[in-house]
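Peer 1: Sequence:
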Amino acid sequence: MERKTITQTLELERSFVEPVVKAVLHTIIFHRYFGNVVPRDTTILSSITYASVENTEVINTVDAKVRELVQNLSPVVDSKSQISLYFTETKPRRAWFSRSEEEICWEEWIVYINCKIRKSDRGKYIYEKKILGSY
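Each residue of the sequence shown is one higher than the last, beginning at 1 in this note's numbering.
Source of the hints: derived by calculation from the structure; they are not laboratory data. As the structure is a prediction and not an experimental result, all values here were calculated from the model. Treat the hints loosely; a few may be bogus.
[Stated by the list, open to error] In silico DSS-like links for lysine-lysine, alpha-carbon gap of 27 Å or less: (1) K91 with K4; (2) K80 with K4; (3) K119 with K80.
Take the sequences, apply the hints, and build the full model.
Peer 2: Below, the structure is given as structure tokens:
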């Protein structure tokens with residue numbers, strides 16, 4: 001089976017990175033999730049609704065990874081990052097005298113994030129850093 005790779009580039013202001021990346025990842029997972037799916041509608045930015053899987057493990061994992069991504073973005077300068085999502089299946093591997101399993105990736109999503117900082121946010125961050133640093 002051949003691996004399918006899909007790439008998507010998002011240009012976002014820093015304040016939109018977390019909700020938009022969560023929405024993109026949850027939407028991908030919702031459409032690729034196997035088994036019985038209990039859908040959950042979530043609204044971001046007061047007008048955009050997306051479907052996600054009602055599974056605490058999935059929700060917590062996506063939230064943790066997106067938080068980690070946001071923490072690695074610079075609050076002062078424009079920065080770039082990426083997050084990848086792999087879908088795999090386990091297949092038996094047969095050898096002469098043994099059996100084992102191997103994970104085969106059948107689809108890969110790469111989401112590139114170009115984070116833009118507004119000048120007002122950049123100045124606010126530098127000001128807060130100076131104030132907090134002086135105490």
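Peer 1: Between K119 and K80, does the CA-CA distance stay at or below 27 Å?
Peer 2: Since the Cα atoms of K119 and K80 sit roughly 17 Å apart, the hinted pair holds (cutoff 27 Å).
Peer 1: Does K91 pair with K4 here, judged by a C-alpha cut-off of 27 Å?
Peer 2: It holds: about 18 Å lies between the C-alpha atoms, which stays within 27 Å.
Peer 1: Can you confirm whether the C-alpha distance between K80 and K4 stays at or below 27 Å?
Peer 2: holds (24 Å)
Consistency with the previously given hints is maintained throughout, with no hint failing.
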